[in-house]
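> As a plain string of letters, each chain reads:
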Amino acid sequence: MNSKLIELVNYTLAPIGRGRGLRNFSCTIAEGDIVYIEGDRFDDSHLFLRALATLERPQGGTYYYRGQALDFSDYRKLLPYKRKIGYMSADAALLSNRTIGENILWLRYYLEGKRSLKAADDVLHLCRMFNIEDKMDLRPSQVFRDEVRAAIIIRELIKGAEILLAEPVRDALSRVHYDTAVQLTKESLSRKTTAVFSYSDEPFIREAATKKVRIVEGELEVVNLRNGAVTFGQKEDRTVGEEDGAEIQSN
Amino acid sequence: MAMKNPMIVMSDSAGRAGRATIEWLKHYLDLSAFAWRMIRELFRWPREGRSLLYRVTLEQVYFTAVQALRIVIPVALILGTSFILQFSKVSGQIDLGKIVVVILVRETGPLVTALIVILRSATAVTIETGYMNVLREMETLEMGGMDPVRLYALPRLIGMVTAMVCLVFIFTTSAILGGYAIVWLITNVPMQNFLLEIAKALTPADYMVSALKAVFFGGVIAVVSLYRGFSVGRAITEVPVATSKGAVECLIYCMIISGLLSALFYM
Chain U
1 MNSKLIELVN YTLAPIGRGR GLRNFSCTIA EGDIVYIEGD RFDDSHLFLR
51 ALATLERPQG GTYYYRGQAL DFSDYRKLLP YKRKIGYMSA DAALLSNRTI
101 GENILWLRYY LEGKRSLKAA DDVLHLCRMF NIEDKMDLRP SQVFRDEVRA
151 AIIIRELIKG AEILLAEPVR DALSRVHYDT AVQLTKESLS RKTTAVFSYS
201 DEPFIREAAT KKVRIVEGEL EVVNLRNGAV TFGQKEDRTV GEEDGAEIQS
251 N
Chain Y
1001 MAMKNPMIVM SDSAGRAGRA TIEWLKHYLD LSAFAWRMIR ELFRWPREGR
1051 SLLYRVTLEQ VYFTAVQALR IVIPVALILG TSFILQFSKV SGQIDLGKIV
1101 VVILVRETGP LVTALIVILR SATAVTIETG YMNVLREMET LEMGGMDPVR
1151 LYALPRLIGM VTAMVCLVFI FTTSAILGGY AIVWLITNVP MQNFLLEIAK
1201 ALTPADYMVS ALKAVFFGGV IAVVSLYRGF SVGRAITEVP VATSKGAVEC
1251 LIYCMIISGL LSALFYM
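Going down the list, the protein sequences come from chains U and Y.
Numbering-wise (our numbering), the first sequence opens with residue 1 and increments by one.
Numbering-wise (our numbering), the second sequence opens with residue 1001 and increments by one.
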């Protein structure tokens, strides 16, 4: 049985944007889980993703990371956990006062303690795939929007994260870059990387998914696509009937 | 038009005054807490991220000190020349050295340098920090497991204090030596013993006050401008408001500190 990576218990989140917020839900993401989110409002799905990234302080409930309850009273205590999460959401950003290359290698600069770093082969390979290797010394404002998104994807992929949180980037990426992102995602999923996708209509994600999170009017339910168990809010798991299961699979 | 009940008017005024006081107290407590956090960070020196910290600090010294030289030196020369010219006319040669030390070294030098740093760097730091907050770039640092206060704010504090000390020294030296050279070159004012008089008038307390003012000014400017930048929420329109409030606040604190230190050493 897979071990629990993230567990949110009796979690309540205040609304952001035009969302309803999320009320008193519980949710578990185990190692190797591939989850996709469906919801009636983008803001609520986005809120759920931000909550998983520990970027939203809950109004109530407990966040467990590998069984360890997180303390949201001091943001510094969350930093070691944040480093383990690859965040490729719509609001993920690059540092605008650094070059694309520095942005991609920033964490390595920080951890390895070197004043200057050359991109390793794996990074160069990714940059070539996204066709941005000749733009490494430009600032984010000097390149196209989809190249910024590509740099964010590369930065998060080389981070060595234990879980990837992603939002659809089809609008923000050109066709070529989107295909590259899809290819890299498929490679990640084939390596059993734990991942949560918001609003993704890519068939390969739906096929690979082990869980679906459905958010309607601020109520969250988790559907286990392997055995059809559903968790509503903090109620006990129940097994859905054949009809429900068929409906879920067809989504 | 109906008159408002005097009791209601009074309670409205009391409420406004109360809210303003609470707001004022909250601001100063938050600012003090932020300053305390930065001071504590100065003495925490973990190995992780140290080289990046050095690099960002050096960049800040370059932006605040080196790039400001082309403004600081001309301003120092203009002020030095004017002061020396004016005071040489109104005072005898005996007092000129002392007056120049009092005006340029103790008071005007540090304050004018602080004003230049506020106009150039404090506003830039508030704008940069504010934009980084709005564009979620601070979250980007956090998602990399990096503490924005340590990696972003601390180098700016160290850099601005270092830059301020260097700039005050450069300003004072340029104003005295450059001012003397210009007056000697373009006027007929007798300046024979001027530098000797300056040297005689300078006491260890003058060096101390000048250096202390530079350190405190640099610290206050960095803390206030960063605090204002970090206070920006999600709206980009908050950035200019925070910038102007921060600049005014920096200037007021610098003047208060200048007065207090002068009073402490010379009263």
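Because the hints were derived from the structure by calculation, they are not lab data.
Hints may be right or wrong, so weigh each one.
[Stated by the list, open to error] Beta-carbon label-pair distances, calculated as ranges:
no.	chain 1	residue 1	chain 2	residue 2	range
1	U	Leu138	Y	Ile1236	18 to 28 Å
2	U	Val9	Y	Arg1050	31 to 41 Å
3	Y	Leu1025	U	His125	51 to 61 Å
[As the list claims (entries may be wrong)] Quick look at which bits of chain Y chain U covers, simulated, 3 or more residues with Cβ under 8 Å:
no.	stretch
4	1046-1057
5	1121-1132
6	1143-1154
Given the structure is predicted, the values throughout are model-derived calculations rather than measurements.
Beta carbons are placed, not taken as given, at the ideal position from N, Cα and C, and that holds for glycine.
> Checking against the hints above, which ones are violated?
Violated hints: none at all, because every hint is consistent with the structure.
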